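K.L.:
Working from the sequences, and respecting the hints, build out all of it.
Each chain is listed here by its residues.
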Amino acid sequence: MTTLVALIVAAVTFGTVLMYGTLGEILTEKSGNLNLGVEGIMYMGGAFGLAGAFYYEKTAGAMASGPFAITIAILTAFLAGAAASLIYSFLTITLRTNQNVTGLALSIFGTGVGQFVGEFMRVSEGGYVALGNNLKNAFSATIFPDFLVSIPVVGSILFSHTVFFYLAIVVAILMYIFLTKTKKGLYLTAVGESQSTADAAGINITKYKYLATVIGGGISAIGGMVYIMTTAGCVWNHEGLSGVGWLAVALVIFCMWRPLNAIWGSVLFGAMMIMYLRVSLPFVPTEIYKILPYVVTVIVLILTSMRNSRDKQPPASLGINYFREER
Amino acid sequence: MSQEKRIPFVRLAKRAEMDRKKVWLIRISSIFVAFILGSIPMMLTGSNPIEAYSVIISGSLSRPVYIRQTVKIAIPLLGCALAIAPCFKMRFWNIGAEGQITMGAMVSTYFALFFVKKVPNLPFLPDGSPNVTLLLIMLVSGAVAGGIWGLIPAFFKAKWNTNETLFTLMMNYIAIGIVAWLQGGPWEGRKGSQLIPMFDKSARLPDVFGVNCGWIIVLVLVVLMYIYMSRTKQGYEIAVIGDSVNTARYAGMNVGYIIMRTMFISGAISGLVGFLIVSGSNYTLYSGVANNVGFTAITVAWLSQLNSFAMIIISMILAVLDKGANTLQTRMGVPASIADIITGILLFAMLSSEFFINYKLVFRRSDKKEVSA
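Chains as they are written, first to last, in our numbering: chain A, 1 to 327; chain B, 1001 to 1373.
If you are wondering where the hints come from, they were derived from the structure by calculation, not from laboratory data. No false leads were mixed into what you were given.
Computed list of lysine-lysine pairs in DSS-like fashion (alpha-carbon distance at most 25 Å, straight line):
#1 207/A x 1014/B
#2 1191/B x 290/A
#3 207/A x 1360/B
#4 1201/B x 1117/B
Computed Cβ-Cβ distance ranges for the label pairs, DEER-style:
#5 1009/B x 295/A: 48 to 58 Å
#6 1192/B x 260/A: 43 to 53 Å
#7 1159/B x 157/A: 34 to 44 Å
#8 1230/B x 71/A: 52 to 62 Å
#9 1227/B x 181/A: 57 to 67 Å
#10 256/A x 1155/B: 18 to 28 Å
#11 206/A x 1015/B: 18 to 28 Å
#12 1014/B x 157/A: 52 to 62 Å
It should be emphasised that the depicted structure is a prediction, and the values quoted were computed from it without experimental measurement. All C-beta atoms in this analysis are idealised placements derived from N, C-alpha and C, irrespective of residue type, glycine included.
P.N.:
What follows is the structure in structure tokens.
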């Protein structure tokens, strides 16, 4: 029982990272933009989020407050991701470059920038960049009072997570309401489904695509920051972050482009990512165990493509650029 | 509102064919723009970009030893870019070259480790020379392994239109995981070392002009790939599918079969690159054997506009960046990941330059004076 609870808690911690990545990419893809740069975006979010919190602590010294540091980290990560996505948007929407290659370029660029910033901070600060214990605890602390957390089983499963997890759920719910219940959300969906129809209906598709992609990129980037600040212990760690962005892109398909599915989907994949640490299987070597999430992703990809039902399809114009003068 | 105001200030129009000289002029100037933009992060870290670029160049080309090391980096890049080109031409987004290299390297290693004493060399070769039979077996088996690894996602793409981008990518992690397991398990040399033993001398590729003879193999491949893509029926089929799958179907092509065939060829070349890496430069296998070559090669392929001969130059440029960035890190304290940043910017610039080649900006009230930036 305790193993199971510990597994769920760890799964949620890692799942939160994936959830931001996935939610951001869902918003992006809803506009018809397939941004394969999530890997790079999350690197940038991680590096800039850490930088934001670190330099804040450096200037504020002992006065540094946890909630303020968290806000700064979220903001810097969001802005880094939004800036990266802005490059992508400008290239694909305005200059009509190929979305796949632009996304891959953003992946290379973003991982480079993330590494660069992480390394640069390490070198310029003399070898070690980490937050003080005060802030470190603030990032991994729960927002609920002790008496709720200490309820056996339920307390750990429901109330022991970081603020980022609850925030991600709020984002997921807001995104769900936005996409299905508001006029603007339906417009956005229309843009993703058929750009020419949306254009003919008088929707400013350029604006919608830009906004969705930039905000989506910002949300994805928060995931990178959450990884660095919680799982990695507030230290730049690019190895742990590698591959997470790509899993997030795969999760979008797994979640059928629905924000609410991202909540449990991310936690499920989070569980697979860390299971080898918590639950040992006889006869299965660790290294083989570690590829489990990737094998499952492949199976999911195959199954979803085989099932092929009408309401579980990607936005119809995903990956296609729009040029009004072209017919 | 007057009629004139309703015409937008600037609009786009598709350009008719541009002459080739001008096209390459735009592309080359975009490369320059990229290098200028790449100097921004250098300045932010407080280094002089001109000095930094000269360190990159002197660190990779100023001595024969450096040049040899740079060429050694360029060989797998070029080989793998050749592998990726037909897929990208077909609009099949194979980002699994990393895994295909790893699988090729793995199977080649299998023969290098366990068949080194069992395969006789050609009778007329003197003792102590590389075992040509063994090397050939390693080459072919590596290529087949890479091909099969590439065929798996292609099969599902052909059959159920499964998303190939993510599929090929996931296959990377799976291949790397398998090698990581072999490295610490069945193939481990000294117990606890987490290392696979070094290859026997006879299973190593011989050097020609100080660099393993892989460079000859990839240069031959450049010519073969050029002929394949531009002079054969199969190359033509790939181009048609890339332009329009429906046209290809209408013309009676078996699209699924062509996708699988192309991916097998692509994977096989990547697998061969894997063989070149283990037998030509590492002399052993480890999980990071592909070392991001599969991803950087995408850049090489795209920057060269999928032109085999341009790939030679581009792969050398990126190899210079890669080798030079390491020197830059030790000498000036600029993190070596600057190479990735510049590579990314190069790609962005090259992609954007296509816009100026394909479209022209038409400004209001000056229809006759077309301005192209």
